[in-house]
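Enquirer: If you want the building blocks of each chain, they are given just below.
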Amino acid sequence: MSEVIKTQNLTKQFGNLKAVDRLSITLNRGEIYGFLGLNGAGKTTTIRMLLGMINPTRGTVSIFGEQVSSGSNSLWSRVGYLVERPSAYPELTVRENLEVTRRLYLMHDRKAVDKVIEKMGLTAFADQRAQTLSTGNLQRLGLAKALINEPELLILDEPSNGLDPAGIVKVREMLLSMVNEGATIFMSSHILSEVNRLATRIGIIHNGLLLEEINAKDLEKQSQQTLVIQTRDNEAAHRYLKSTGLDVELDGDIKVLGQEAVDFPDKIASLLVNAGYPPMSLRVEQPDLEAHFLQLVESEES
Amino acid sequence: MMKGFTSALWAEFLKVRRSRVPQFIALGFALLPVGVAFFMVIMKDPEGARQLGIIGAKAQILVGTVDWSGYIEALSQEIVVGILLNGLMASWMFGREYADRTVKDLLALPTSRSVIVAAKYTVFALWSLLMVTLVLIIGIFLGYIIYLPGFSTDVILRGASTILVGGVMNILLITPITFLAYAGKGYLPSMGFTILMLALAQVSNIIGYGMYFPYAIPALFSQGSTSDPLSMVSYLIILVTCLGGAICTSAWFQYADQT
Numbered sequence: 001m002s003e004v005i006k007t008q009n010l011t012k013q014f015g016n017l018k019a020v021d022r023l024s025i026t027l028n029r030g031e032i033y034g035f036l037g038l039n040g041a042g043k044t045t046t047i048r049m050l051l052g053m054i055n056p057t058r059g060t061v062s063i064f065g066e067q068v069s070s071g072s073n074s075l076w077s078r079v080g081y082l083v084e085r086p087s088a089y090p091e092l093t094v095r096e097n098l099e100v101t102r103r104l105y106l107m108h109d110r111k112a113v114d115k116v117i118e119k120m121g122l123t124a125f126a127d128q129r130a131q132t133l134s135t136g137n138l139q140r141l142g143l144a145k146a147l148i149n150e151p152e153l154l155i156l157d158e159p160s161n162g163l164d165p166a167g168i169v170k171v172r173e174m175l176l177s178m179v180n181e182g183a184t185i186f187m188s189s190h191i192l193s194e195v196n197r198l199a200t201r202i203g204i205i206h207n208g209l210l211l212e213e214i215n216a217k218d219l220e221k222q223s224q225q226t227l228v229i230q231t232r233d234n235e236a237a238h239r240y241l242k243s244t245g246l247d248v249e250l251d252g253d254i255k256v257l258g259q260e261a262v263d264f265p266d267k268i269a270s271l272l273v274n275a276g277y278p279p280m281s282l283r284v285e286q287p288d289l290e291a292h293f294l295q296l297v298e299s300e301e302s
Numbered sequence: 303m304m305k306g307f308t309s310a311l312w313a314e315f316l317k318v319r320r321s322r323v324p325q326f327i328a329l330g331f332a333l334l335p336v337g338v339a340f341f342m343v344i345m346k347d348p349e350g351a352r353q354l355g356i357i358g359a360k361a362q363i364l365v366g367t368v369d370w371s372g373y374i375e376a377l378s379q380e381i382v383v384g385i386l387l388n389g390l391m392a393s394w395m396f397g398r399e400y401a402d403r404t405v406k407d408l409l410a411l412p413t414s415r416s417v418i419v420a421a422k423y424t425v426f427a428l429w430s431l432l433m434v435t436l437v438l439i440i441g442i443f444l445g446y447i448i449y450l451p452g453f454s455t456d457v458i459l460r461g462a463s464t465i466l467v468g469g470v471m472n473i474l475l476i477t478p479i480t481f482l483a484y485a486g487k488g489y490l491p492s493m494g495f496t497i498l499m500l501a502l503a504q505v506s507n508i509i510g511y512g513m514y515f516p517y518a519i520p521a522l523f524s525q526g527s528t529s530d531p532l533s534m535v536s537y538l539i540i541l542v543t544c545l546g547g548a549i550c551t552s553a554w555f556q557y558a559d560q561t
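Going line by line, the protein sequences match chains B and X. In this text, residue positions in the first sequence follow the working numbering: the first is 1, and each later residue adds one. In this text, residue positions in the second sequence follow the working numbering: the first is 303, and each later residue adds one.
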């Protein structure tokens, strides 16, 4: 697979603050890379360095094999981006804002504006001034700007921000169809479920450091399923299950670890009933990306 | 190197055309000859001027003689106000990208950043020349309406050329203001700078060094429409200020961290 983004020891220091610290990632064609981190973790600084808006203190960024700098203009015709909150010229209409973008992208296709307006569901607002748009429609306009040049690489900062559930689904489907057509996506997000659904690879950044990079499939495998039980006396039930040799934890609810408990919850239920601790509820739980993310960040903090 | 210049020019024209800010500033320019003509009307009637008190006294200071020559001279002295209005316009044109957070959409494009800066300067210069023309047309029209004596084509042409050259000097002096609009990431620092420069221009004139202070030079030039008091050094100072500001603006937009 060909490399689309490659960063090597990418570091940005603002005074004493290391916003990004020795970040090395590689993104191949057709991947959707989910970039996760808390507020101030270094996500937007990284994105700005990828786009040549901020000069790295150390390290390099290459996109499509070309080293990024503030003068990499030829590169940007293949890239679409949305950085932080979307913005638009308030006195211009949606169509005019997109026309400005089309022209600055030096695109000859005059129909590109209408196409992207339709694609983003902005037809009804096309002649409305940007200052009157709702947050969600402003986000759609921001995404329309990012998509107008049908980019090979999309760099998106919080693409689902402000969108309603229908908008989120639409954007998700659109991004997936773009990837199916060969595009590559680098996206940061706070919405972990969105990253979980879309990303083929996930990078977790905290205090500027890349804590972990994981394939979505590996995350699924790594996430150990547990059987979660509630009884009227969890402490006693926990002691009892432990005495039977099961791998059990008490964390408010009783958590029985191990594949056997997940595969045969009825056996555990029978054990508890016979011991006088009939379960009130019994469910199989798989830690999601959120749990994984929080665990990782917490362990780093501690 | 200038790839995308016409596109950037089109975009800048559209922004100027659609916003109300340039319209308000244009109104400010349009009111300059109205103010001067108003004082002329007062001066034509000294009795009435005395009765008006403060306004009459001020009109006496501003206007020399009540004829076309004095009128055009008074009009050309409005160049000082032109610096302020130009400063507001340039602060808006350059600083708005930060205030509206649209600057990030200008940074990673096939159109280079220097082309975008050049397009902004071009639109600003054309707009500013349009304002000079507006002042001249309204000025001449109002002078005709108020029946000023001493009309001659020579007086008009001499006055118009003074106003035009002063207007061009004002355009050239805009670049440090645009630099501050970028580096200050908004309108306010550059507007503050414009006002400070006007105040310093007054001070430098009072202490007799106005010819060496760039923002005092256009006003000195306009005062010397009959006998030019400026040396080559003054013109050179304007050029150096313009080049320095333009280089700083362009370099800052190209190389500084755009956080």
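Source of the hints: derived by calculation from the structure; they are not laboratory data. Incorrect hints may appear among the rest.
Quick list of in silico lysine-lysine cross-link-like pairs, DSS-like style, CA-CA up to 27 angstroms [stated by the list, open to error]:
{"id": "1", "chain 1": "B", "residue 1": "K242", "chain 2": "B", "residue 2": "K267"}
{"id": "2", "chain 1": "B", "residue 1": "K115", "chain 2": "X", "residue 2": "K305"}
{"id": "3", "chain 1": "B", "residue 1": "K255", "chain 2": "B", "residue 2": "K242"}
{"id": "4", "chain 1": "B", "residue 1": "K217", "chain 2": "B", "residue 2": "K242"}
{"id": "5", "chain 1": "B", "residue 1": "K267", "chain 2": "B", "residue 2": "K255"}
{"id": "6", "chain 1": "X", "residue 1": "K487", "chain 2": "B", "residue 2": "K111"}
{"id": "7", "chain 1": "X", "residue 1": "K487", "chain 2": "X", "residue 2": "K305"}
{"id": "8", "chain 1": "B", "residue 1": "K119", "chain 2": "B", "residue 2": "K170"}
{"id": "9", "chain 1": "B", "residue 1": "K18", "chain 2": "X", "residue 2": "K305"}
These numbers were taken from a predicted model, which means no experiment stands behind them.
Enquirer: Failing hints, ascending?
Expert: As far as the earlier hints go, 4, 6 and 9 are violated by this structure, in ascending order.
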